[in-house]
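Chains B and R supply the protein sequences, listed in that same order.
No gaps in the numbering here: position 389 of the first sequence is 389 in the numbering used here, and each next residue is one more.
Just so we're on the same page, the numbering used here is the position in the second sequence counted from 1, plus 1000.
FYI, nobody ran anything at the bench for these hints, they're computed from the structure.
Source: prediction; values computed, not measured.
We treat Cβ as the ideally placed atom computed from N, Cα and C, and that holds for glycine.
Treat the hints with care, as some may be off.
Stated by the list, open to error - Far from chain R, some chain B residues (derived; all Cβ distances over 12 Å):
hint: 1; residue: Asp-27
hint: 2; residue: Asp-107
hint: 3; residue: Ser-141
hint: 4; residue: Phe-311
hint: 5; residue: Gly-324
hint: 6; residue: Thr-446
What the hints assert, rightly or not - PhoX-like cross-link-like pairs, simulated, lysine-lysine; straight-line CA separation at most 25 Å:
hint: 7; chain 1: B; residue 1: Lys-345; chain 2: R; residue 2: Lys-1265
hint: 8; chain 1: B; residue 1: Lys-202; chain 2: B; residue 2: Lys-237
hint: 9; chain 1: B; residue 1: Lys-116; chain 2: R; residue 2: Lys-1090
hint: 10; chain 1: R; residue 1: Lys-1430; chain 2: B; residue 2: Lys-60
hint: 11; chain 1: R; residue 1: Lys-1454; chain 2: R; residue 2: Lys-1430
hint: 12; chain 1: R; residue 1: Lys-1136; chain 2: B; residue 2: Lys-60
hint: 13; chain 1: B; residue 1: Lys-333; chain 2: R; residue 2: Lys-1116
hint: 14; chain 1: R; residue 1: Lys-1136; chain 2: R; residue 2: Lys-1338
hint: 15; chain 1: R; residue 1: Lys-1262; chain 2: B; residue 2: Lys-314
Protein chains: 2
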Amino acid sequence: MANELKDLTKRADDYSRWYNELVVKADLAEQADVRGCMVIKPYGYAIWERIQQTLDERFKATGVQNVYFPMLIPKSFLSREAEHVEGFAKECAVVTHYRLKANPEGDGVVVDPEAKLEEELIIRPTSETTIWNTYKNWIHSWRDLPLLCNQWCNVMRWEMRTRLFLRTSEFLWQEGHTAHATREEAEARAKQMLNVYADFAKDILAIPVVRGVKSETERFAGALDTYTIEAMMQDGKALQSGTSHFLGQNFGKAFGVQFVNKENKPEYAWATSWGVSTRLMGALIMTHSDDNGLVLPPHLAPIQVVIVPIFKGKEIEKFDTVLGALADRLRAKGIRVKYDNADNKRPGFKFADYELKGVPVRLAMGGRDLENGTIELMRRDLLEKETVPFEGIEERIPALLEEIQQNVYDKAKRRLDENIFSCDDYAEFKERVKQGGFYLCPWDGTAETEAKIKADTQATIRCVPYGYSQENLGVDMVSGKPATCRVLIARSY
Amino acid sequence: MANELKDLTKRADDYSRWYNELVVKADLAEQADVRGCMVIKPYGYAIWERIQQTLDERFKATGVQNVYFPMLIPKSFLSREAEHVEGFAKECAVVTHYRLKANPEGDGVVVDPEAKLEEELIIRPTSETTIWNTYKNWIHSWRDLPLLCNQWCNVMRWEMRTRLFLRTSEFLWQEGHTAHATREEAEARAKQMLNVYADFAKDILAIPVVRGVKSETERFAGALDTYTIEAMMQDGKALQSGTSHFLGQNFGKAFGVQFVNKENKPEYAWATSWGVSTRLMGALIMTHSDDNGLVLPPHLAPIQVVIVPIFKGKEIEKFDTVLGALADRLRAKGIRVKYDNADNKRPGFKFADYELKGVPVRLAMGGRDLENGTIELMRRDLLEKETVPFEGIEERIPALLEEIQQNVYDKAKRRLDENIFSCDDYAEFKERVKQGGFYLCPWDGTAETEAKIKADTQATIRCVPYGYSQENLGVDMVSGKPATCRVLIARSY
């Protein structure tokens, strides 16, 4: 296993390379043999499982139920919703045949031309079409509503330029799809799920986010409104970390999902959809990690505390007794602990490896500690060590983990707050945005200005943010026309 | 929702139809719009999640870690292992293009001929090939072994005749893939995982199984040995419920996975793979359910206890106080409870619906119960009702759930034991096997006899079973040649 810490590029030298190396060196993921796809390795998957588990509980607490819909979608479904097909038909994996056969002219197997499908099938890029085609059979009366479904699955969008977790052709995600009797209820649900994402990002991932609503240009294909959470990476770029869409009656109409309302009249169902993906892994890495590797917030970390004995040969038995019991006492408190007494790796290697993997707390004990009744405690967020009494150490850990969680969040929140700037001068904006950061700028609401900003600076309107003033707007910094709102602009991943 | 109980076909009238209807009426799954695929509905998925969760804990307890590998496999990978390609290349979904475009001659979208892949990609029917092509980079020394990975994912095998859960083109499963330094260790792991499956089937699903090893004909394509658990359905047919394969060095050699062993010599890694799928849902349904619907063993049931108040109008407030508190007391004991006070369905409808859905215990309370301090308790396995004191009812429930779990298992075990027969007369066998049941018969070990039995009776050799005598074998009932073992023969799903 190539976990050598020493080779990790420093963020200041090459941020992008630092990220790519860290993902591989911390054993999170690697490029697969299929172009643009990834293999998620055990440690990376353990983190993803924690994301899944904690988010899933929060979904269920709002009444959402899990389901599973097929991964293949008939090609014609995509064309049913006019905007949706524009957004998703372009970059699809297309299944055209259902059989291979021995190559009549040599080795291996070839596609059997006899086994051509009548209608091609698409590997789902997202599932609105197939789900709403099914909802048609599930929804007849207002009594059947709301319908609140979610699925955890893989999706495929053919991407030309890929990066592990941030942009891959196949990725894992959850997609929620709800149907409602009224417009108000659907809009409220779309906003509710955005808040679930934002709270989850804060409480578990320790990532502060800006909530807001997308411009028309940046909306999900087929949505009336797209709500987003935008996180700031350490290089000042934005990473869209979750979106929730109010779909109006677009899919209800496209797939004929009508119900009889309380007034006994037929009406089309109102829809939302919302999703987060393995992209969150990228957000997590780029928000907290440092030149020594990952920094995981304790609420998320698959291993919260690692205990490492420093021993020679048979000494291990003494450590196993003392530290094994400590591990058990910590587990009894609900803490995720690893006791690493493997004898095929030196303590120094282990230390570097757990630093690289971002384990929040490391406890190490050598022969002298054992004699003195002490243990060495290292917290990953500050990289600070101290020697503390062994007795009662387990009482100290839960509060310490909370302290680390808070500290990791506070650090990210400070960075976010310190790098949001108001700006209404375009020349100044163009110069400053190169350095990263989020810019609050007056906008005239037209797609033309939006396109010009993007063309000039590569920065995009991330959202009309919530929680920032929309008063005294003044004029659009590009067109000089009266501004209709203040938007958040940034370069992004 | 079409949950009408009254229409459920009786098992005695048409077992196959009873199954198909029950899957749909109990809201477990339905046919998808894509041929041969299924939609798993919320209640069905909740059961699958319980299967996943309980099995996953057992895998992890043996040291297995979860991972994720891409769903697309380059066509050429399949040809690398000679037997494997024979077994899996035939029925594949083949991705040949990566883009659609607007139809230049009319509506909708068409496959863009410019976007043809250089090499076709296959949607994984199973992942040995792609995983072992990656293991090549992960395994260098005996210190890297054993490598114990598992993934929960979707797979696709193009099927012409499908049935919900039992045989669908896309299905959900887990596939474990381990690599070892020695033959002995790999064989032991393959057997260990079979035991994990068998114990899980018994403890959680309440399904007794016969463990054994497959004949060469029935082996996994590329395996040296396939171990299986075979369950008996109520119609006496076998359902293969999980398999574990000892793959020898076949994949190690095919993908060049070599390691340096303790003697410092290069050696090919030894492999196992093992899986269970949404087929288990079929096994579960057909083992326990009755003419009133599903019967779920309490250890698995997403809802273990349902509480139904029988009320008119405003009375509900009194019930909510009393029964809401009971629900909380039960939850505090770790019991999965649903308190159903919905006012848009009659109690009679709810009773039938929860019976159909197999909820193990139903508690119902009406006005008289409230006055008398009693509650009605119904257990789903026996369909027996009794009126019991309300006070302290929560103390009684945990033991009752255990009793139901045991009873459900015992009933299935009795049926299995009573329907395993020894038989060494082929004429008799041919007649009796039509009625279902498992037959222990002496076999000469040849593929010829095996094929003849299948052709004559549609029954197949399920396995050489463990736990049944292999002494005094006598002669093969078909060929009259000396038998080499006693095999278990049955018709199967």
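Against the structure, the hints come out as follows:
no. : hint                    : verdict
1   : Asp-27                  : 10 Å, violated
2   : Asp-107                 : 7 Å, violated
3   : Ser-141                 : 10 Å, violated
4   : Phe-311                 : 19 Å, holds
5   : Gly-324                 : 17 Å, holds
6   : Thr-446                 : 27 Å, holds
7   : B/Lys-345 - R/Lys-1265  : 21 Å, holds
8   : B/Lys-202 - B/Lys-237   : 18 Å, holds
9   : B/Lys-116 - R/Lys-1090  : 13 Å, holds
10  : R/Lys-1430 - B/Lys-60   : 52 Å, violated
11  : R/Lys-1454 - R/Lys-1430 : 10 Å, holds
12  : R/Lys-1136 - B/Lys-60   : 40 Å, violated
13  : B/Lys-333 - R/Lys-1116  : 56 Å, violated
14  : R/Lys-1136 - R/Lys-1338 : 49 Å, violated
15  : R/Lys-1262 - B/Lys-314  : 22 Å, holds
Checked against the numbered hints listed earlier, the structure breaks hints 1, 2, 3, 10, 12, 13, 14; every other hint is satisfied.
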